[in-house]
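Line order of the protein sequences matches chains A and B.
Mapped onto the UniProt record's numbering, the consecutive letters of the first sequence carry residue numbers 1 to 181.
Mapped onto the UniProt record's numbering, the consecutive letters of the second sequence carry residue numbers 1 to 181.
The reader is advised that the hints may include incorrect statements.
Heads up, the list lumps identical chains together, so a pair's fine if it works in one copy or across two of them.
Claimed, not checked - Listed next, the in silico DSSO-like pairs over lysine-lysine satisfying Cα-Cα at most 30 Å (straight line):
(1) Lys-56 <-> Lys-87
(2) Lys-82 <-> Lys-154
(3) Lys-106 <-> Lys-9
(4) Lys-106 <-> Lys-87
(5) Lys-61 <-> Lys-9
(6) Lys-181 <-> Lys-106
(7) Lys-78 <-> Lys-181
(8) Lys-87 <-> Lys-61
(9) Lys-154 <-> Lys-9
(10) Lys-153 <-> Lys-9
(11) Lys-181 <-> Lys-153
(12) Lys-56 <-> Lys-153
No lab work stands behind these hints, which were simulated from the structure alone.
Number of protein chains: 2
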Amino acid sequence: MKSHREETKSREIIFNGSLIDVEVQEVYLPDGNTSRRELVYHPGAVAVIAFTEEGKLILVKQYRKALQKAIAEIPAGKLENKESPEKCARRELEEETGLRAASMTKLLSFYTSPGFADEIVHLFLADSLTAGDSGTDDDEFVERVDVTFEEAKKMIESGEIHDAKTAYAVQYWELLQTRSK
Amino acid sequence: MKSHREETKSREIIFNGSLIDVEVQEVYLPDGNTSRRELVYHPGAVAVIAFTEEGKLILVKQYRKALQKAIAEIPAGKLENKESPEKCARRELEEETGLRAASMTKLLSFYTSPGFADEIVHLFLADSLTAGDSGTDDDEFVERVDVTFEEAKKMIESGEIHDAKTAYAVQYWELLQTRSK
Numbered sequence: 001m002k003s004h005r006e007e008t009k010s011r012e013i014i015f016n017g018s019l020i021d022v023e024v025q026e027v028y029l030p031d032g033n034t035s036r037r038e039l040v041y042h043p044g045a046v047a048v049i050a051f052t053e054e055g056k057l058i059l060v061k062q063y064r065k066a067l068q069k070a071i072a073e074i075p076a077g078k079l080e081n082k083e084s085p086e087k088c089a090r091r092e093l094e095e096e097t098g099l100r101a102a103s104m105t106k107l108l109s110f111y112t113s114p115g116f117a118d119e120i121v122h123l124f125l126a127d128s129l130t131a132g133d134s135g136t137d138d139d140e141f142v143e144r145v146d147v148t149f150e151e152a153k154k155m156i157e158s159g160e161i162h163d164a165k166t167a168y169a170v171q172y173w174e175l176l177q178t179r180s181k
Numbered sequence: 001m002k003s004h005r006e007e008t009k010s011r012e013i014i015f016n017g018s019l020i021d022v023e024v025q026e027v028y029l030p031d032g033n034t035s036r037r038e039l040v041y042h043p044g045a046v047a048v049i050a051f052t053e054e055g056k057l058i059l060v061k062q063y064r065k066a067l068q069k070a071i072a073e074i075p076a077g078k079l080e081n082k083e084s085p086e087k088c089a090r091r092e093l094e095e096e097t098g099l100r101a102a103s104m105t106k107l108l109s110f111y112t113s114p115g116f117a118d119e120i121v122h123l124f125l126a127d128s129l130t131a132g133d134s135g136t137d138d139d140e141f142v143e144r145v146d147v148t149f150e151e152a153k154k155m156i157e158s159g160e161i162h163d164a165k166t167a168y169a170v171q172y173w174e175l176l177q178t179r180s181k
C-alpha cells in the first residue's frame, strides 16, 4: 500500500520544555500541495497492569492539571534518562505503589495521540508482587486504590477511570475473566 | 479520597495553533510548594468501530507526521465547530470510508494523554452500514483497509496497528468473539 509520506518543507521550533517539545512543520502532501502539522514530542512512557493477592486491580489516583480533575489510572510514568521500558515499569510501580514485581511481561505498545504527538506507552503485566520501598517524586501526589472488576466498571461509567491505558487495562481484565470461564 | 487539586499560580501561553494550544502553568502542590505543568489543549475527537458485512474491521491507513510513518487506525477525526460527538462520528466514518451507519452507539470516552493533554476520544460502534458519499478533507490522504481478526492481531505485532484507540478496538473485538463462543 502507498505510504503517503509527508516530507518536511520547513520547521519552526515553538517550545522546548522539560516534558514536551512543540514544533510546527510545513509538509509536502502526496499531491504536491503543502499543509501545516503541529507536533508534540514526548519521551515515551510505561504503564503497568498489576493485581493484588485478592485479585484486585491496583490503581493510583492523581490530580491531572490538563483535565482539571483527579482520575484513577494504572501505575504509569515517563521514561527517564534512556532507561529501558521494563526498568521504568519496575521503578514506577515501586514508586507509586510500594510494590516490586518478580515478573514483568510486555503486553504491547501504543501511541496515544498519533494525530499530533509521538508519545508511546509500553504496557506491562506485573506478577508475583512483594513489598518494596515506596517513595514518590517530590511533585507527585498519588493515592493507591485497589478495585474489584465491578468497581472498575462503575468507575469507567462515572469518569473516575477516564484514560485510554486504564480503559484498555480494564478491558484486558474482562478478557482474562471471559477466557477463564 | 483527597483530590490533591493543583491551583494555578501563573500561566504563560506558548502557542495558539489551528489544532492545539500549548500553555505552561506554575501550580501550587498540596504541600504548598509549586511545580511546573506543560499543557496541551485539543478540541477532542471521535473514533468508530465498524465492521463490513463479511465481519471484517474497517481501518484507514494514514501517514502520521508525528510518528514519521503510516499506521492503520479505526476511522477517527477531531470535533469541528462544536458538533456533537455522534454527528462527528457519522461525518468522519463517511469521509474516510464512504459508509453511512444507521446505528451509532457510544461505547465510552477516554483521555489519551492525561499527563499533559486534554484530548478526549469518544468511541462509537457503528452498525447497519450503507454506501454514502466519500470525500476526504483536502489535506487528508487515507486508504481504507478491511481486516480479519487474525490480520488485525498480526498488524499489532508488526506495528502497522500502533495506536491506543485501535488497540482498544481490536481488544473489544476479541472480547465480542470470546463472549459469543
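Cross-check of the supplied hints:
no. : hint                : verdict
1   : Lys-56 <-> Lys-87   : within (24 Å within a copy, 38 Å between copies)
2   : Lys-82 <-> Lys-154  : between (37 Å within a copy, 28 Å between copies)
3   : Lys-106 <-> Lys-9   : neither (37 Å within a copy, 39 Å between copies)
4   : Lys-106 <-> Lys-87  : within (11 Å within a copy, 37 Å between copies)
5   : Lys-61 <-> Lys-9    : between (43 Å within a copy, 23 Å between copies)
6   : Lys-181 <-> Lys-106 : both (24 Å within a copy, 27 Å between copies)
7   : Lys-78 <-> Lys-181  : neither (36 Å within a copy, 39 Å between copies)
8   : Lys-87 <-> Lys-61   : within (22 Å within a copy, 33 Å between copies)
9   : Lys-154 <-> Lys-9   : neither (48 Å within a copy, 34 Å between copies)
10  : Lys-153 <-> Lys-9   : neither (47 Å within a copy, 35 Å between copies)
11  : Lys-181 <-> Lys-153 : both (19 Å within a copy, 22 Å between copies)
12  : Lys-56 <-> Lys-153  : both (13 Å within a copy, 28 Å between copies)
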